[in-house]
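Those protein sequences? They're chains A and B, same order as listed.
Oh and the first sequence: position 18 is 20 in the working numbering, straight run, nothing missing.
Oh and the second sequence: position 19 is 1322 in the working numbering, straight run, nothing missing.
Each hint should be verified, as a subset may be incorrect.
Said to hold, decoys possible - Pairwise CB distance ranges, derived in the manner of DEER restraints:
1) Ala-1597/B <-> Asn-179/A: 37 to 47 angstroms
2) Lys-142/A <-> Thr-1574/B: 41 to 51 angstroms
3) Pro-1591/B <-> Gly-154/A: 47 to 57 angstroms
4) Gly-1654/B <-> Met-195/A: 42 to 52 angstroms
5) Gln-140/A <-> Gly-1328/B: 33 to 43 angstroms
6) Ala-1633/B <-> His-88/A: 26 to 36 angstroms
7) Asp-1606/B <-> Asp-137/A: 45 to 55 angstroms
8) Pro-1591/B <-> Gln-140/A: 37 to 47 angstroms
9) Ser-124/A <-> Gly-1630/B: 45 to 55 angstroms
10) Arg-1625/B <-> Pro-117/A: 36 to 46 angstroms
11) Pro-1569/B <-> Val-33/A: 36 to 46 angstroms
I should point out that these hints are in silico values taken from the structure, not numbers from a laboratory.
Cβ coordinates follow ideal geometry from the N, Cα and C atoms, glycine included.
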Amino acid sequence: MGDRDLSILVIDGDPDRAAVVERGLVEAGWVRVSVIGPSVNLLARIQALAPDVVIIDLENPDRDTLEQMFQVSRAVQRPICMFVDHSDDHMIHAAIEAGVSAYVVDGLKQARIKPIVETAISRFNAFDRLRRERDEAQAKLADRKLVERAKGLLMKNRGLTEEDAYALMRKTAMKQNRKLSDIAQSVITAFEMEF
Amino acid sequence: MAETVTLGFVPLVDCAVPVVARELGFAAAEGIDLVLEREAGWAAVRDKLAFGLLDAAHILAPLPLALHLGLGGIPAVPMAVPMALGLGGNAITVSLPLFERMSEADPDAMAGPRAGSARALKAVIEADRTAGRPPLSFATVFPFSSHTYELRAWLAGAGIDPDRDVNLGVVAPARMVESLASGWIDGYCVGEPWNLRAVQRGIGAVVASKWDIRPDAPEKVLGLRAAWVDQDPARTVALVRALVKAAAWADAAENRPALAQMLAAPDYVGTFPEVIAMALTGRPVLQPGGEPVALDTHVFFRDRATEPLPERAQWLVEQMLRWDRTGLTAEGAKAALAAVWRPELWAAAVG
């Protein structure tokens, strides 16, 4: 099972995503996976690690540095090329949309690389989904905190009960067709201005 | 119903033309909703353009040629360049320690004109070789870039062999200054604000500008897929017309302060407003503590700066043939230039 011996380098400015991709690859059976973040001496580190495959996020400016490894020159010991499966248009688009790009050492067979890139794509997508869910949860929590604070201000300054304070904001939100958290923010701003 | 066109750009002063086209309504007036997408590097711009995530791009002039020819490890995609996005903009900056060594080694060469400053570098390189010190390292922004060819031309003009006498590498524009500050590289060729920023920070000095090396070499161009042009040629013509009008506005001296402010906004270059302003007002300071000099670094409209003139691009093609080990032939390069550079689209928009 020689394919699982390929050495894979993951380069990502986001250490959390890099960890998710690394774990995905290791769990799928590739054992030689390393990860590096942004570094000024990128090329020297790649030369030292001598990976067969480099997985890097599409937007990473380090990719520009990698491009010089396309050229056969004195400075480059192991020329690489971008991994593009010409027979599989769908995969190219899946990779670009997921934000994944891959580089391989010249001469490696497409079939050996494809499952690695597919794993990376699915990990990138899973990470995106998780981050979106986390951001949404955080936004909800922040909204709830705003409403609580506004409620407290109304109770203290207007002598309302908790239920009345909430009902007042809710009614205003519905009347003005705005989000409850926006009304809460307005309430907070208004009271802060009075001080 | 306005047509949406998504244009990718790298945050540099020379992304001015598309920014003005959007911000001042030149695109909207042509029925185009121009959506601008900021990209961190040139590989990302190239791939998104090639695979259709972008409709258009502010792109290094040699890159559409390379893409069209399938050079540099990626599959060929037929490209079209219907206009240029300006002239000038690049400069060569060296670290302050190297600048001091150059000034000491050959004060005559450093006294000007700037194109000859590489003679002082040659003296430093020879001294290093005699002393057994490792070679100096320089960076440009991408293998296929006018920067690479300008740096090579500047070095070769003083008898320095770019492949043997120095290390040449690639660093994305926004990372140049930190790479110079950390000592990882000794000099670079990049667009603004990254030369004048090194001067402002007191860590580097500008020793030559693009105007000193190859004034009429194309810099950034409007890159499109040929298939996107063919799909609706009138759309391309409308886009070019909007961008040419934006270029005329951006070039006027009286508009430069407003342009500098526009570019400094977070969505665009988003950093160092005073450096951007200096790059656009024609009086930059090139050395820490130095006096401002007269140098109109960016030309957006004058001197036929928006026209995709094949005779200007010819120099790029010659440099690709001279320096890049890609197996490109003279005939292949000539055919690519004839296919990709599309002055007739520019003429249809402006005429």
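Quick rundown of the hints versus the structure:
1. Ala-1597/B <-> Asn-179/A: 37 to 47 angstroms: violated, 58 angstroms
2. Lys-142/A <-> Thr-1574/B: 41 to 51 angstroms: violated, 33 angstroms
3. Pro-1591/B <-> Gly-154/A: 47 to 57 angstroms: holds, 55 angstroms
4. Gly-1654/B <-> Met-195/A: 42 to 52 angstroms: violated, 59 angstroms
5. Gln-140/A <-> Gly-1328/B: 33 to 43 angstroms: Given a distance of about 37 angstroms, which is inside 33 to 43 angstroms, the answer is holds.
6. Ala-1633/B <-> His-88/A: 26 to 36 angstroms: Since Ala-1633/B and His-88/A have Cβ atoms about 28 angstroms apart, the given range 26 to 36 angstroms holds.
7. Asp-1606/B <-> Asp-137/A: 45 to 55 angstroms: holds, 48 angstroms
8. Pro-1591/B <-> Gln-140/A: 37 to 47 angstroms: At 44 angstroms between Cβs, range holds.
9. Ser-124/A <-> Gly-1630/B: 45 to 55 angstroms: violated, 36 angstroms
10. Arg-1625/B <-> Pro-117/A: 36 to 46 angstroms: holds, 41 angstroms
11. Pro-1569/B <-> Val-33/A: 36 to 46 angstroms: holds, 44 angstroms
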